[in-house]
Amino acid sequence: MKLDAKIPSGPLVDKWARYLSEIKLVNPANKRKYEIIVVGSGLGGAAAAATLGELGYHVKCFCYQDSPRRAHSISAQGGINAAKNYQNDGDSVYRLFHDTIKGGDFRAREANVYRLAEVSAEIIDQCTAQGVPFAREYGGHLANRSFGGAQVSRTFYARGQTGQQLLLGAYSALCRQIQAGTVTMFPRTEMLDLVVVDGHAKGIVVRDMVTGEISSHSADAVALATGGYANVYDLSTNARGCNVTAAFRAYKRGAAFANPCYTQIHPTCIPVSGDYQSKLTLMSESLRNDGRVWVPKRQGDNRPPQQIPEGERDYFLERKYPSYGNLAPRDISSRSAKEVCDEGRGVGPSGLGVYLDFSDAIDRLGLATIRERYGNLFEMYERITGEDAYKTPMRIYPALHYTMGGLWVDYNLMSNLPGLHVLGEANFSDHGANRLGASALMQGLADGYFILPYTIGAYLADLKEKRPSTEHPEFRKVEKEVEERTKKFLSINGKRSVQSIHKELGQLMWDKAGMARNEEGLKEAIAKIPVIREEFWKNVKVPGDGGEINQELEKAGRLADFLEFGELLCRDALDRNESCGGHFREEHQSEDGEALRNDEKYSYVSAWEFQGEDREPVLHKEPIVYEEVKMATRSYK
Amino acid sequence: MYCGGAAIVFILSIFMEQTTARLFRSSLGKKYVMAVSGVILLLFVIGHLIGNLQIFAHPDLINSYAHFLQNMGPGLWAVRLILLTAVVAHIWAAVELTLENRRARPEDYREKDTIQASYASRTMRISGFIVLAFILFHLAHFTLQVVNPQYQELYTQLEDGTVVHDVHSMMVSGFQNIWISGFYLIAIGLLSVHLRHGFASMFQSIGLRNRKIAGPLEKTSLGLSILYFAGNAAIPVAILAGFVS
Amino acid sequence: MNLKLRVWRQKDRNAPGKLVEYEAGDIDPEMSFLEMLDVVNERLIGAGDEPIAFDHDCREGICGTCSATINGIPHGPERATTVCQLHMRHFKDGDILTIEPFRAKPFPVIRDLMVDRSAFDRIIESGGFVSVRTGSAPEANTLPIPKDAAETAMDAAACIGCGACVAACKNASAMLFVAAKSSQLNTLPQGKPEKDRRVLNMVAAMDEAGFGNCTNQYECSAVCPKTISEDFIAQLNREYLVASVKQSFAGK
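Protein chains in written order, with the numbering used here: chain A, 1 to 637; chain B, 638 to 882; chain C, 883 to 1134.
Nothing false has been slipped in among the hints.
With a straight-line Cα cutoff of 30 angstroms, these simulated DSSO-like cross-link-like pairs (lysine-lysine) come out:
1) B:K749 x C:K1052
2) C:K900 x C:K987
3) A:K541 x C:K886
These are calculated hints, taken from the structure and not from any lab test.
Because the structure is a prediction, the values reported are computed rather than measured.
Whenever a hint applies, use it, and build me the whole structure from the sequences.
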């Protein structure tokens, strides 16, 4: 496998402009002859499908949800970054680029990130024109807020529902194209495999989740915008339906999977309350501005928090990171919380939680101020836990939140499989080993509105062969495989539910490949996952049949892929014998627990190539070369 | 201003084909028909009540008033036509909307609860239906005088010597029948309940309500319906109690 | 706690459905309503039965996927809450819960508690957008928008498209949904050029889908998980009237 990132030559700041001026175009009259499949209808997918439709291509867009408006981009709360410099605080494309590279712990590709920063401003223009109700100042101009990892205020937001509003904007653009007839929408339709003909991605096999019908769709190019894989951990802040199947099927058909071990943990989630838990809910990190994080000093101290005297409390973040205190970065705060819980000092029924206490802030600023700042978050907390955080400290615990790894793509957002394009969280390219807050929305929309619609044209313009019909033997073959797999799930008829096995996998992943990882644990996981996988294939129970709505069948298919993917993630984590960003190897930390990178040995993208069932995948390395940026140690002291 | 302008333009546009089509076919159009015909009928029933309250004065007052109305000639027929149109439009819209609403939920909930829907709003159909039945009877009773044909023979002389129909005696005689008074009270009660929701609802249907005025609007609506009921109920009660004879 | 559930079971769009009783024993009050259903389903699967199908996804109250009518109230007894955010502590031991799908002709039941809400998508397709080509947008700050207009637009835009408004309405009217989207766009200057077309087309699409008519009871707003105000319905009523009349006088 040859990994050619196809970065345009020339100085970094000119690359995208030059690329655009030199790119091959598709004749407008020819565009309607091309069919493009877009899988996923989140920010990336909806934006791409809408824009490609506008350009005149025939687009088929697929999503597993009942409406494209429900994709998980909708859950993003905080905001979207853009280098507008509206605050006159010295922001620039270069600064956004540099912050993103640094935030990614110097593991992202320079040219991609620079382009992302360049188009960021256009995204705000586009969304505003669509009627996205961004927050405004009294003068009528757009408001900004600050976010972690930046010294400028460049985050645009729509209350705490920025992701929702941006997605609804993209969805409305998509709807306009559906009405215009350029996009055909297939909701409640799940991609179950990729079809590769003569080395090019030429279509997909899908299951209609209502009728159970398995069918093929052929196209001239395929774009996956299918999100991340955080649900390999079972419990995460992702929607229950989020899955790795589309990306993993592409991997098994020859696309390289890059940096699967880069996962992001969010420190302020509502802790697990029992073993029935299905979902972790994130609360804005802004809470840490006024809340103080602590646990009892003594192990197993079960007294209610108010009864624990000041002297018996351990404000561990303030103790360990005196200058940043409770505002220490996400990964550091998360790991510290895990440490104290591992020591048996965690709070709450499960022992997996730490206090986030506002009593000092309420004394200092008054109840009214706290209510004004965080009222909605306190309400949300009360809705879920039934506790009043004005009176008793909140309990928080870290949770899986975002995955930086994904299918490997070049500068054109095309994977090593020609014709297969990958957008948004599903690809690996822009966030390196750690994503900054408010950058996920930026990337999804950048890819969908402003990058893919151009770069896919370059691929199509060079295309010699017309797309095959779905009668092509390759389609027949893949369709048959999918059908057999479905039948297999239904025929195992074992004793265990899909969810019980998923939970087992998730627990293992969280313990061994979660916030902190080490060689021993990863090896253990790599040995155990195949055992769980075997249990699944022997003992899972999928009731009902295939020709109807069957949610257990859907879950089984997704879990089957997670059970293979989890192992890949662990392998990647084992290979990356350094700590960087969201990947923390306990063997590589400074005295005060900071991640220690090893740029000499590990400044590469790990791209894994599938070798066949039960064979170890092969690692390919794309070196990370910085022309502009100097690698430095991240410091938050 | 919007209100007045809208009313004028609305009436004008009834004569325009495209608008008419939209008015009579779209869901919102039917609601406008409902609201506008409702306003007309509301104005009528209020005027009607004020006229009837003259029963508490000297009989000549109401008798001369009735005489004036009966001799309006074409004016009377114009008013009757407008009222008839409003009634027909109101009923037509109600029937259309009801049928559509039934179709919109072919399979009902096995268990249904509401959070805030008022009693009045939930009983619009039944209250409207009974009021219609009453109006028909009321017309037959007092206007066409076919229920008690002897009413046609009631004449009296005003102070100036004009011989007029003795509406005063007709009302007194009519309401002395306990059954008629009972039916009348029930119908008026239901109409008041109907107005309770209908009055406030009209503002919403033509887009003139918001949450700021909702409170005062609801109070006005309640006050109006109570006053309307009290005013109307006073007549049979007074007659039955012998205060008016 | 121990509960008795009466759950609507229906195999597919065309099959008849009925309420089936289940015991939900040993339920933790900390569970969300959907987690309670998860637990019931795990037990059903264990017993060799088919689990109850229900729609859900984000489980944090924003995607609008989950939908169920609990004891006659869409999304259950708590205000401003989706089913996924409803917790069992709001119920009592021994409660009998009747769980039905959202019911409306344009929302056909496709299995158990799952309904097809694609009618909402068709309404948005008919006009719930601003026609702006990607890349053609002007610099965002060239058009200042008064803060209160932006806030009002955001109030309307908070709609999650769950359909509870339709489910709660005695007439299965979609007015709150339609009004929320049309008002969001019509309140902003970006949406003004298409204002009349938008309301005319969206109302036509709503009528065509077979929703009922608004009867001004505001149950929709009362059950709305995002507490969208019925004021937007008044705005739609007003804008539709103006648009209808304007169009008649516009000639052609």
